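*Asks:* Sequence:
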Amino acid sequence: MAKIEQRDAKELEAGYSRVHRAYELGGILLTSSTLVWLCVRTAHAPTLSGWWVPLAMLLGMLFADLTSGVAHWAFDTWGNVDTPVVGRLAIRTFRHHHVDQKAITRHDFVETNGHNFALALLPASIGVWCVRPATATLSDVFVGMSLASATVFVALTSQIHKWAHMERPPRVVHWLQRAGLLLSPEHHAAHHAPPYTRSYCITVGWLNGPLRAFRVFEGLERLITACTGAIPREDDTGKAAAEAVARAAAEELEANRAAMLQPPAPPASSQASERQ
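For what it's worth, our numbering labels the leading residue of the sequence shown as 1, then goes sequentially.
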């Protein structure tokens with residue numbers, strides 16, 4: 001594969017501005033307030049019992065894991081630091097992380113989590129809209145609880161990601177990582193193997209396997225390239241490396257498609273009967 005060419009780490013780190021900091025603080029305050037409002041409304045609505053509560057939490061975790069994967073793939077794969085709006089707010093951070101993985105462990109709570117808190121405002125707001133204590137049904141409450149869980153896990157995804165890069169995370173976190181309930185360092189290490197084309201989900205990582213098995217992101221990349229001509233990860237790894245990876249991915253997809261279309265071989269017993 002062609003040599004990977006990445007941006008300068010110090011230049012990327014210097015892009016963290018006061019405006020970005022203010023945006024993160026605003027996201028934390030606004031989403032936290034909205035989540036509290038959602039919890040209060042849920043507490044005054046009809047009460048769910050039994051397995052509905054853990055199911056709602058599970059759905060929220062899966063939503064957060066999928067959201068983290070899609071966002072991570074999008075910001076890793078497309079655009080650059082000069083892309084309007086998301087370039088400085090998000091893409092810069094992902095580019096910096098690939099050239100200095102440990103930088104995230106030196107960030108404070110605001111820099112680590114502010115952007116994700118801002119993104120989590122969407123499920124929190126939808127949850128508030130769904131749960132209206134005076135008229136809420138049990139279905140409304142279930143949806144609201146699922147969105148509350150999604151809000152928490154979306155907001156804390158970067159914190160969970162940070163723990164996966166720490167040499168000594170808190171003991172409780174370490175136990176949850178070993179139990180497979182949070183993203184573990186071993187699981188996440190697959191993403192940091194160049195050219196950074198797999199294991200994008202960074203909340204719990206459960207959906208990385210299915211997304212990889214069905215080649216979801218590879219298929220989306222081929223579609224976007226066919227429609228726009230853009231080369232996946234060109235800004236992150238350099239044009240030569242990006243083109244090499246794109247060719248290899250296309251060849252793998254074609255090989256898999258050909259294997260699926262190939263008729264199955266007859267059973268050994270049938271072949272023996274024919275010879276007789």
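Honestly, the hints are just simulated from the structure, not real lab data.
Please note that a few of the clues may not be correct.
As the list claims (entries may be wrong) - Pair by pair, the computed Cβ-Cβ distance ranges are: (1) 26 with 226: 17 to 25 Å; (2) 168 with 260: 39 to 47 Å; (3) 210 with 108: 15 to 23 Å; (4) 260 with 167: 30 to 38 Å; (5) 172 with 229: 30 to 38 Å; (6) 126 with 170: 27 to 35 Å; (7) 18 with 240: 30 to 38 Å.
Source: prediction; values computed, not measured.
For each residue, glycine too, the CB sits at the ideal point set by N, CA and C.
*Asks:* All hints, please: hold or fail.
*Replies:* Do the hints match the structure? See the list:
A C-beta distance of roughly 38 Å is found between residue 26 and residue 226, which places it outside the suggested range of 17 to 25 Å. As the Cβ distance of residue 168 to residue 260 is approximately 46 Å, the hint placing it in 39 to 47 Å holds. Under the hint 15 to 23 Å, the C-beta atoms of residue 210 and residue 108, about 34 Å apart, miss the expected range. Between residue 260 and residue 167 the CB atoms are about 43 Å apart, so this pair departs from the stated range of 30 to 38 Å.
Roughly 48 Å separates the CB atoms of residue 172 and residue 229, a value that falls outside the hinted 30 to 38 Å. Between residue 126 and residue 170, the C-beta spacing of about 31 Å keeps the proposed range 27 to 35 Å intact. Between residue 18 and residue 240 the C-beta distance comes to about 37 Å, which sits within the given range of 30 to 38 Å.
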